[in-house]
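Student: What follows is the residue order along each chain.
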Amino acid sequence: AQRVTQPEKLLSVFKGAPVELKCNYSYSGSPELFWYVQYSRQRLQLLLRHISRESIKGFTADLNKGETSFHLKKPFAQEEDSAMYYCALSGKGTGANNLFFGTGTRLTVIP
Amino acid sequence: GAGVSQSPRYKVAKRGQDVALRCDPISGHVSLFWYQQALGQGPEFLTYFQNEAQLDKSGLPSDRFFAERPEGSVSTLKIQRTQQEDSAVYLCASSLGPGDEQYFGPGTRLTVT
Chain E
1 AQRVTQPEKL LSVFKGAPVE LKCNYSYSGS PELFWYVQYS RQRLQLLLRH ISRESIKGFT
61 ADLNKGETSF HLKKPFAQEE DSAMYYCALS GKGTGANNLF FGTGTRLTVI P
Chain U
1001 GAGVSQSPRY KVAKRGQDVA LRCDPISGHV SLFWYQQALG QGPEFLTYFQ NEAQLDKSGL
1061 PSDRFFAERP EGSVSTLKIQ RTQQEDSAVY LCASSLGPGD EQYFGPGTRL TVT
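Residue numbers (our numbering), protein chains in the order written: chain E, 1 to 111; chain U, 1001 to 1113.
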């Protein structure tokens, strides 16, 4: 069975400080991993996916298969990064590509 | 064009009532997903359509939940005899194809009293 764990419900950092949002997963096959973000009063939107290996808004995430982790990192947090972040996985080859989400981490960047 | 839209945005139902939630996906998107998000939780998968075919309904919590997409565009999620535990935000997402980026709607917040 698939499982996504985000151990921190809340995370506060000062502006300009590095930030890391943790995500661990369990899945018997070869998953695809995602980070979704929800800014205040906005809808859920894709931030990045591991297969694209892009850096979006200064965020990066590396898939570590040995540790089954997909932590989200940014070297210098900005106030506009304050939002709810969800880690999600999708099982490759299942056809449906439905997403399994973690419980989310609310990031607050303190000015 | 416009993104995914959902209506109503808010719905209050008395326990035992039936409700219908509507999703208008992005035009041309083949894949459509429904998720349920309880307070303090992440979204949980309910069901998936490819065009008008419901290919996966493994996440529907009970037979009181029913979804359809008869013409492969608009979808309706129906909940019969609502219970308090059905209170949640119901999210709809669409994607161009099965493996493509999912675009989410604003959600419908259902409160069962």
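Calculated directly from the structure, the hints in this document are not laboratory data. One or more of the hints may lead you astray.
[Stated by the list, open to error] Some chain U residues judged to face chain E by a derived CB distance under 10 Å, without partners named: (1) A1002; (2) G1028; (3) T1047; (4) P1061; (5) F1065; (6) G1107; (7) T1111.
[Unchecked claim] Listing some non-contacts, in silico: residues in chain U with all C-beta distances to chain E over 12 Å: (8) R1022; (9) Q1041; (10) E1044; (11) D1056; (12) S1058; (13) E1071; (14) T1076; (15) R1081; (16) A1093; (17) Q1102.
[Unchecked claim] Non-contacting residues of chain E with respect to chain U, defined by C-beta distances greater than 10 Å in every case (computed): (18) S30; (19) A88; (20) G104.
Treat the numbers as computed from the prediction; the structure is a model and nothing was measured. Don't be surprised by glycine CBs; every beta carbon is placed ideally from N, CA and C.
Student: Give a verdict on every hint.
Tutor: Okay, the hints, checked on the actual structure:
1. A1002: With Cβ-Cβ at 12 Å, over 10 Å, it is violated.
2. G1028: violated, 17 Å
3. T1047: holds, 9 Å
4. P1061: violated, 15 Å
5. F1065: This interface hint is violated because 15 Å lies over the 10 Å limit.
6. G1107: holds, 7 Å
7. T1111: violated, 19 Å
8. R1022: holds, 16 Å
9. Q1041: Per Cβ check, Q1041 of chain U is inside 12 Å of chain E; nearest 6 Å; violated.
10. E1044: For E1044 of chain U, whose nearest Cβ neighbour in chain E is about 7 Å away, the distance does not exceed 12 Å, so it is violated.
11. D1056: The claim breaks: D1056 of chain U does not keep its Cβ more than 12 Å from every Cβ of chain E (closest is about 5 Å).
12. S1058: At roughly 9 Å from the nearest Cβ of chain E, S1058 of chain U sits no farther out than 12 Å, so the non-interface label is violated.
13. E1071: With a cut-off of 12 Å, E1071 of chain U remains clear of chain E, as the shortest Cβ separation is near 20 Å.
14. T1076: Since the minimum Cβ distance to chain E is about 19 Å, T1076 of chain U lies beyond 12 Å and the statement holds.
15. R1081: holds, 26 Å
16. A1093: violated, 8 Å
17. Q1102: violated, 7 Å
18. S30: Check passes; 13 Å lies beyond 10 Å.
19. A88: violated, 8 Å
20. G104: violated, 5 Å
Going down the numbered hints, you'll see the structure goes against 1, 2, 4, 5, 7, 9, 10, 11, 12, 16, 17, 19, 20, while the others check out.
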